[in-house]
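Engineer: Fit chain R to the given chain W structure using the hints.
Residue numbers (our numbering), protein chains in the order written: chain W, 1 to 183; chain R, 1 to 71.
Since no wrong hints were added, every one of them can be taken at face value.
Pair ranges (Cβ atoms, derived):
| hint | chain 1 | residue 1 | chain 2 | residue 2 | range |
| --- | --- | --- | --- | --- | --- |
| 1 | R | Glu15 | W | Asn46 | 43 to 53 Å |
| 2 | R | Gln46 | W | Ser160 | 42 to 52 Å |
| 3 | R | Pro37 | W | Gly142 | 34 to 44 Å |
| 4 | W | Ser70 | R | Gln34 | 21 to 31 Å |
| 5 | R | Arg39 | W | Asp103 | 17 to 27 Å |
| 6 | W | Asp48 | R | Asp45 | 15 to 25 Å |
A partial selection of chain R residues facing chain W, derived with a Cβ cut-off under 8 Å:
| hint | residue |
| --- | --- |
| 7 | Val27 |
| 8 | Tyr28 |
| 9 | Gln34 |
| 10 | Gly35 |
| 11 | Pro37 |
Calculated directly from the structure, the hints in this document are not laboratory data. A virtual CB, placed ideally from N, CA and C, is assigned to each residue, including glycine.
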Amino acid sequence: MMMRSSVRDAMLAAVPSLRAFAISLCGNVDRADDLVQETLLRAMANIDSFQPGTNMPAWLFTILRNLFRSEYRKRRREVEDTDGTYAETLKSQPEQHSRVEFDEFRAALAKLPPDQREALILVGASGFSCEEAAAICDCAVGTVKSRVHRARIRLSKLLSINGTDDYGPDHTTRGILSAGGRS
Amino acid sequence: MHTDTQVRKPGGRREDQRRIGGILQRVYDEVVRQGVPDRFKELLDQFDKTKEVSEAGTASSQGQAEGRREP
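Excised from the complex, chain W in its bound form:
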């Protein structure tokens, strides 16, 4: 029926961002694509539980995130092996000058705790609001905000961007408190 193809189009439209999210989460393109595939299969099987008119990307991201979480728990050891495989799969990218920067960034991203990483990506790159991210991650909005904040602090340390010595524990704690406190 009409509704089916519009649902399909909505799923299709969400795929590029879903892939980017999956790759950022697991740091491996092949596994990320398998994760996207499994997400789409699950979404199609459970399409009746999707309410038309609601946020399709958020629904798909939630499914993917939950799949990743259960897989991550199973394969915790393998997740460490991110840097090399990533560089391999994206070797053909043309922008050589930013490759080093990108690789460094991905390596740093991989070192973040998963809950911080997913919060940062959802809010900082996927374009979800903190409220939407909280629904996807099944946690409080304040929790999302503090995770995003901690992720950013951690990243700037890992990437040793200038002035990182300024971030003592006091600064960090204060930042989290103020970020989490603003509703």
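Structural biologist: Showing chain R alone in chain W's frame:
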């Protein structure tokens, strides 16, 4: 007159966060720009076809599509 409501020190926290946000977005968009790989187009096309076939009431190629007819 200048009204510097947000003073940005070079190397300050705000500047760091701006840089990190920028790289994150570029790393992410690099993947988004790759669009939809064929395997996912095919997957979703199949979903569409399966539904159409089951509506026509002659589902046979996809075993799972059978038995979901309208009364």
